[in-house]
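Q: Sequence:
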Amino acid sequence: MTLLTKFVTSFEKFRREPEDSPADFERIFSVIHETHLFREVQDIRDELRMLDALFQDQITVLGLAEDKLRTPYQLGVIDTSIWDSRRHVENQREAILRMIILTDQAYNTVTEPA
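Position one of the sequence shown corresponds to residue 270 (the numbering used here), numbered consecutively onward.
No lab work stands behind these hints: they were computed from the structure.
All of these numbers come straight from a predicted model, not from anything done at the bench.
The hints are all genuine.
Simulated DEER-style distance windows between Cβ atoms:
#1 Thr304 <-> Leu333: 41 to 47 Å
#2 Asp353 <-> Arg318: 24 to 30 Å
#3 Arg367 <-> Lys282: 44 to 50 Å
#4 Met319 <-> Pro382: 24 to 30 Å
#5 Arg285 <-> His305: 32 to 38 Å
#6 Leu333 <-> Gln311: 29 to 35 Å
Below, in silico cross-link-like pairs of lysine to aspartate or glutamate (DMTMM-like), each with a Cα-Cα straight-line distance of 20 Å or less:
#7 Lys337 <-> Asp326
#8 Lys275 <-> Glu303
#9 Lys337 <-> Asp353
#10 Lys275 <-> Glu295
#11 Lys282 <-> Glu295
Note that CB positions come from ideal geometry on N, CA and C, so glycine has one too.
Produce the entire structure from the sequences given, and follow the hints as far as they go.
A: Okay, structure coming up:
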């Protein structure tokens, strides 16, 4: 049964038997589940922002390591390894940024007035 059908049925029952149906009426309009989901979105959003900060720090450190190892005495293998690591972290950060956009959209859908 759809939510609208349940609502109409409960409303009709409430009109006929007002003392018996407040629990049904309250169950239909309960937003407890949605509130828990909203809090999960907030938590996920916060965790994604922490991961973004961590990846940004890693990119910075790997960039500094690249600069430090660019001397005539270092082998190209070391530079390639660091560059590959940095590129991998940058790819992961891009994925995190896309997820942040999605969680921001979900958060804004709930919090901004229509």
